[in-house]
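Heads up: the protein sequence lines correspond to chains A and B, in order.
Here the first sequence stands for residues 1 to 114, numbered as in the working numbering.
Here the second sequence stands for residues 1 to 114, numbered as in the working numbering.
No lab work stands behind these hints: they were computed from the structure.
Beta carbons: idealized from backbone N, C-alpha and C, even for Gly.
Be a bit skeptical, because a hint or two may be false.
Derived SDA-like pairs (lysine to any residue); straight-line CA-CA distance at most 20 Å [said to hold, decoys possible]:
1) 101/B - 24/A
2) 41/A - 106/B
3) 101/B - 10/A
4) 101/B - 11/A
5) 41/A - 65/B
6) 101/B - 85/A
7) 3/B - 24/A
8) 101/B - 19/A
Some chain A residues close to chain B (C-beta under 8 Å, calculated; not the full set) [what the hints assert, rightly or not]:
9) 29
10) 34
11) 44
12) 52
13) 53
14) 54
15) 95
16) 104
17) 105
18) 106
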Amino acid sequence: GAVVSQHPSWVICKSGTSVKIECRSLDFQATTMFWYRQFPKQSLMLMATSNEGSKATYEQGVEKDKFLINHASLTLSTLTVTSAHPEDSSFYICSADSMPTEAFFGQGTRLTVV
Amino acid sequence: DAKTTQPTSMDCAEGRAANLPCNHSTISGNEYVYWYRQIHSQGPQYIIHGLKNNETNEMASLIITEDRKSSTLILPHATLRDTAVYYCIVRALNSGGSNYKLTFGKGTLLTVNP
Chain A
1 GAVVSQHPSW VICKSGTSVK IECRSLDFQA TTMFWYRQFP KQSLMLMATS NEGSKATYEQ
61 GVEKDKFLIN HASLTLSTLT VTSAHPEDSS FYICSADSMP TEAFFGQGTR LTVV
Chain B
1 DAKTTQPTSM DCAEGRAANL PCNHSTISGN EYVYWYRQIH SQGPQYIIHG LKNNETNEMA
61 SLIITEDRKS STLILPHATL RDTAVYYCIV RALNSGGSNY KLTFGKGTLL TVNP
């Protein structure tokens with residue numbers, strides 16, 4: 001199947017700093033990518049839909065100024081958590097659509113804010 | 001909100017078939033049924049999807065009822081490595097609609113026992 005790679009796999013940062021997470025589709029082009037967040041023992045929650053060349057669409061309750069999404073190319077989307085706080089500690093996962101029908105997920109990024 | 005309901009957990013003996021049910025009684029005509037699984041601390045893995053016909057691939061079989069209101073994922077010979085949370089999701093493939101997004105419910109924790 002298609003491969004979606006996330007980097008880094010895990011990151012620890014200090015409170016107040018910003019962290020960037022990359023999501024790459026390695027062997028296909030993805031006009032749409034999705035970003036999810038998952039807290040322990042909970043399901044994946046969609047944060048935003050990332051569209052190449054246009055602004056991301058955020059889900060209700062997700063702060064667009066805090067979670068900056070850039071989808072500058074057909075193979076790369078980035079999520080930047082700005083001014084991170086301990087409550088932002090979570091497992092962040094991206095997915096990309098390999099048209100016409102399948103969505104593939106990255107391996108996830110474990111963010112810990114201390 | 002997820003449009004599917006699944007049992008919270010199931011157990012299966014190694015080597016036996018695992019049958020995971022899913023109810024999606026409000027599924028629309030243009031929505032597919034997708035199955036993903038998530039092993040602890042990893043990104044979801046695509047398993048299979050279908051519209052109305054039964055589907056089979058190297059991982060599993062998908063049985064969709066004639067009225068499309070429910071489906072069953074079948075792992076023919078479960079192994080210990082199949083222990084994971086299994087998610088049943090309905091999704092339309094026309095981008096732009098709200099049902100294009102993959103919305104995860106709580107899924108079923110399948111535990112395969114030796």
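Going through the hints against the structure:
no.	hint	verdict
1	101/B - 24/A	holds, 19 Å
2	41/A - 106/B	holds, 9 Å
3	101/B - 10/A	violated, 26 Å
4	101/B - 11/A	violated, 27 Å
5	41/A - 65/B	violated, 31 Å
6	101/B - 85/A	violated, 28 Å
7	3/B - 24/A	violated, 29 Å
8	101/B - 19/A	violated, 25 Å
9	29	violated, 14 Å
10	34	holds, 7 Å
11	44	holds, 4 Å
12	52	violated, 12 Å
13	53	violated, 14 Å
14	54	violated, 12 Å
15	95	holds, 7 Å
16	104	holds, 6 Å
17	105	holds, 4 Å
18	106	holds, 5 Å
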